[in-house]
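Novice: Protein chains in written order, with the working numbering: chain A, 6 to 309; chain B, 65 to 636.
No lab work stands behind these hints: they were computed from the structure.
Certain hints may be false.
[To be verified] Okay, derived cross-link-like pairs now, DSS-like style, lysine-lysine, Cα gap no bigger than 25 Å in a straight line:
id : chain 1 : residue 1 : chain 2 : residue 2
1  : A       : K85       : B       : K199
2  : B       : K554      : A       : K44
3  : B       : K516      : B       : K485
4  : A       : K163      : B       : K485
5  : B       : K516      : A       : K44
6  : A       : K62       : B       : K516
7  : B       : K636      : A       : K42
8  : A       : K44       : B       : K485
9  : A       : K103      : B       : K289
10 : B       : K516      : A       : K85
11 : B       : K554      : A       : K42
12 : A       : K85       : A       : K44
13 : B       : K199      : B       : K177
14 : A       : K44       : B       : K572
15 : A       : K85       : B       : K463
16 : A       : K42       : B       : K312
17 : A       : K44       : B       : K445
18 : B       : K298      : B       : K312
19 : B       : K199      : A       : K62
20 : A       : K42       : B       : K516
21 : B       : K636      : B       : K298
22 : B       : K463      : B       : K445
[To be verified] Per label pair, the in silico range of CB-to-CB distance:
id : chain 1 : residue 1 : chain 2 : residue 2 : range
23 : B       : S374      : A       : L15       : 57 to 65 Å
24 : A       : W164      : B       : H354      : 41 to 49 Å
25 : A       : K12       : B       : N480      : 45 to 53 Å
26 : B       : A575      : A       : S56       : 48 to 56 Å
Cβ atoms here follow ideal geometry from the backbone N, Cα and C, with glycine treated the same way.
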Amino acid sequence: MLKYIGKRVLLAIVSILIVSAITFFAMNAIPGGPFNKEKATDPAVQAELESRYNLDKPVTTQYVLYMGNLIHGDWGVSLKSGREIWPDITSKFAVSAKLGISAMIFATIIGIVLGSIAALTRNKWPDRLIVFFTTLGTAMPSFVLATLLLLLFCLELKWIPVYNSSNPNYILPIISLSVYPMAYITRLTKTSMLDALNQDYVRTAKAKGVSRVKLIFVHALRNALIPVITYLGPQIAYILTGSMVVENIFTIGGLGSAFVTSITNRDYTTIMAVTIFLAILMVVANLLTDIAYKFTDPRIDFNN
Amino acid sequence: MKKKVLSLLLAATMVVSLAACGSGSKKSSSDSAKSATAVNTDTSTLYVNIASEPDYLDPALNSSVDGAILAVNSFVGLLTYDESGELAPALAKEMPEVSDDGLTYTVHMIESKWSDGSELTANDFVYSWNRAVAKETASDYAYLFDVVARNDDGTLAVTADDDYTLTIKLTAPCPYFNQLLAFPIYMPVPQAAVEAANSDGTTPGAWCQEAGFVSNGAFTLSEWKHNESMTYVKNDNYYNADNVKLEKLNYMLSADDTATYAAYNSGDLDFIDSIPTDEIASVKDNDEFHVVDQLGTYYVAFNVGSDLFSGMTADQANAFREAISLLIDRDYIVETVGQTGQVAADSFVPEGMEDGNGEAYESSYYDADETGSAKAEDAIKLLEKAGCEVEDNGDGTYKTTLNGEAISIPYILNENDGHQKVAECIQQDLSVVGIEMTIETEDWNVFLDERKQGNFTFAREGWVADYDDPINMLEIFSSASGNNDPQLGKTDSAAAPDWSGYDELIQKIYAETDTAARAELLHQAEDMLMDTYAVIPIYFYNDVYMQKSNVSGVYSTAFGNKYFMYADKSAK
Chain A
6 MLKYIGKRVL
16 LAIVSILIVS
26 AITFFAMNAI
36 PGGPFNKEKA
46 TDPAVQAELE
56 SRYNLDKPVT
66 TQYVLYMGNL
76 IHGDWGVSLK
86 SGREIWPDIT
96 SKFAVSAKLG
106 ISAMIFATII
116 GIVLGSIAAL
126 TRNKWPDRLI
136 VFFTTLGTAM
146 PSFVLATLLL
156 LLFCLELKWI
166 PVYNSSNPNY
176 ILPIISLSVY
186 PMAYITRLTK
196 TSMLDALNQD
206 YVRTAKAKGV
216 SRVKLIFVHA
226 LRNALIPVIT
236 YLGPQIAYIL
246 TGSMVVENIF
256 TIGGLGSAFV
266 TSITNRDYTT
276 IMAVTIFLAI
286 LMVVANLLTD
296 IAYKFTDPRI
306 DFNN
Chain B
65 MKKKVLSLLL
75 AATMVVSLAA
85 CGSGSKKSSS
95 DSAKSATAVN
105 TDTSTLYVNI
115 ASEPDYLDPA
125 LNSSVDGAIL
135 AVNSFVGLLT
145 YDESGELAPA
155 LAKEMPEVSD
165 DGLTYTVHMI
175 ESKWSDGSEL
185 TANDFVYSWN
195 RAVAKETASD
205 YAYLFDVVAR
215 NDDGTLAVTA
225 DDDYTLTIKL
235 TAPCPYFNQL
245 LAFPIYMPVP
255 QAAVEAANSD
265 GTTPGAWCQE
275 AGFVSNGAFT
285 LSEWKHNESM
295 TYVKNDNYYN
305 ADNVKLEKLN
315 YMLSADDTAT
325 YAAYNSGDLD
335 FIDSIPTDEI
345 ASVKDNDEFH
355 VVDQLGTYYV
365 AFNVGSDLFS
375 GMTADQANAF
385 REAISLLIDR
395 DYIVETVGQT
405 GQVAADSFVP
415 EGMEDGNGEA
425 YESSYYDADE
435 TGSAKAEDAI
445 KLLEKAGCEV
455 EDNGDGTYKT
465 TLNGEAISIP
475 YILNENDGHQ
485 KVAECIQQDL
495 SVVGIEMTIE
505 TEDWNVFLDE
515 RKQGNFTFAR
525 EGWVADYDDP
535 INMLEIFSSA
545 SGNNDPQLGK
555 TDSAAAPDWS
565 GYDELIQKIY
575 AETDTAARAE
585 LLHQAEDMLM
595 DTYAVIPIYF
605 YNDVYMQKSN
615 VSGVYSTAFG
625 NKYFMYADKS
635 AK
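Bound-form chain A, shown alone (with noise of 0.2 Å):
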């Protein structure tokens, strides 16, 4: 187990090195860079700036400098705002984290039960409105849902308020991130636990008399989370990382606008940071999923 788990911490590593150097070169190789303004900046202040953050030298330069500072701790400022860039990146993801979880947590738990639900009442009215609820759940997008959502709490109904800068209210942008995978859990979950109702073993069980509560809880919902936990990995990793069109409706100063804004501002320093604190959170989270198999499948052996 350790050894397998040190395997994949070195292939973690290989790889974020891979995607680092990729984002460097391919952001400095699209067109536009961070000081573009409508009224265009100084030449003077432009050289400034430019050499002040190392970019008028070669890439491969400054990318050799940047991983430099990067293993020293230093994630360097954004190049649009001067600000150090470590700090508000951590801040930002707390806000995700703290939406991101909640809405995984609210996704899973009622999405295991409708899915549960659907599959031993197939074909039977719960089951027909959990899967036509479901289908709209994956159909609509999210912007509509948020927008949607707004209309009808905030200004129809006036339960929550739009803006409110002391106590903001995560009901919405919960709902509104949870909707998709809370769909697509309860599809999985129904689609895997009639397989595993049908299985032999759940028969033998049943016909050695399992109760049927244990038989549902224990032994088919059990094997029938294992492809709801393949989901669950990378979609946490990114519901973390946030959804811009959902910060941006409720006012949310999320990790998923700040990542949007910084590629359209050329913001080098925050696109290179984003972008590398996303990949380790998808490698950890792939790495954690795989060791949560361990626990759901005995069958899975790591030493193979």
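The hints should help you fit chain B onto chain A, whose structure is shown.
Specialist: Just chain B, lined up with the frame of chain A:
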């Protein structure tokens, strides 16, 4: 069968949800047109939205209009703008004394304090201004100090004669220097804090990147939730604090029109600076809707070095561009796209500017209300003069060719609803004579690059003045300017106009000591620019905002700055 029923049900639900969406937005907009929207009754705090997260709060480093709004409400310089939009003394006791030759300004200051209670003296200005122009500060607006003379050591010729007297020497008389004294880059910054946060000289703006920094304006920043909100509290040490009624000023940091407009309608915001284009028609008769003049011009520009003009003489290229200018129906654009009463432009220097000689600067190069298809015949003559062949198809349409080939003009713009609609109007206008215009939407950053480098034929443009003087509009087309997107004087194309005279004119304007002669030179420069038709003015900007009926005392300048400090909010 069951599947069919299910899919029908699904389709029905989607239709219902879409309909709900549509009727919801309609309802809110028609509501707002008829009656006032919900108000916020927290009278101690004004809730506003200007834009998303600002880049710099340092008045010397800011280069955006939204940043300038934050600056004028949290810093104050020697002069400021009053409610009528006129310049007024702030930290200056009275308007500056100007020497007879117009070269020396003497400012007597009032005694005032920084927000931390320390004295603010003339030396703070000497420091702040020299810091603003220092190379290491790398300020975009440092060039606004070009009018100030330099000492032998390169520092600005600005001296603190005593704690409250400042003497400024200029290189040439500058009719708009008092306006500069109210500009954010001329505001003071606290030396000790600035230097403490910038020990190695590479982080000039670091001193005001979090809440709690020292300033001298009406409000100081007490809380900053990045990308969410900023809360400013009243600064009791502000020189005019007695007239500040608000306790707090809260900015919602968002550039999402849907969110800010919803927050305004729900009463969570008292003031919004942008309104979704689709909602303008429904709110413009509302009392909460305000339009103020802005000194700026929305225009389109041709790249004079573009391949489109290859083979033409400079005169032919001018005639071609003039034809395009005549064909663009400005009134239609203003009415259908602008919608807020913008004025169709007949010159590049916007209506309402002063000439620096105490008079209004007036110029007109064509009848802006008479452009469009009505001018098709004149345009056709010009196209023929440019070497094009125009064939009448006999059904009211024309076919224009150049050297036997159909003409197709690529037009670039950045992604934006309004710009897109303007482009479509122009496309339609040009089709009258059978000229095709293709619309190419580009990523904002790429768009800026392409325009600056001259990698385009025809492009969307706009310029809002920083101060009320035509030089601010005209100097951007000198050949050395980074904003000279039409590439005037930058290309060796034989079809491009000779531009050396323009650069000379701009230099003459900078050096001219007689204001009447200077005003004349400004007109000559604009004549020369407009003769090229490389710059095609569409309309003069105005600025719209919405403000609740229970709010009063907010005012705006023609440069887009909003002054919230003297706002008052009643409970109803």
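Novice: Against the structure, test the hints numbered earlier, and report the numbers of the ones violated in rising order.
Specialist: 4, 7, 13, 15, 16, 17, 24, 26
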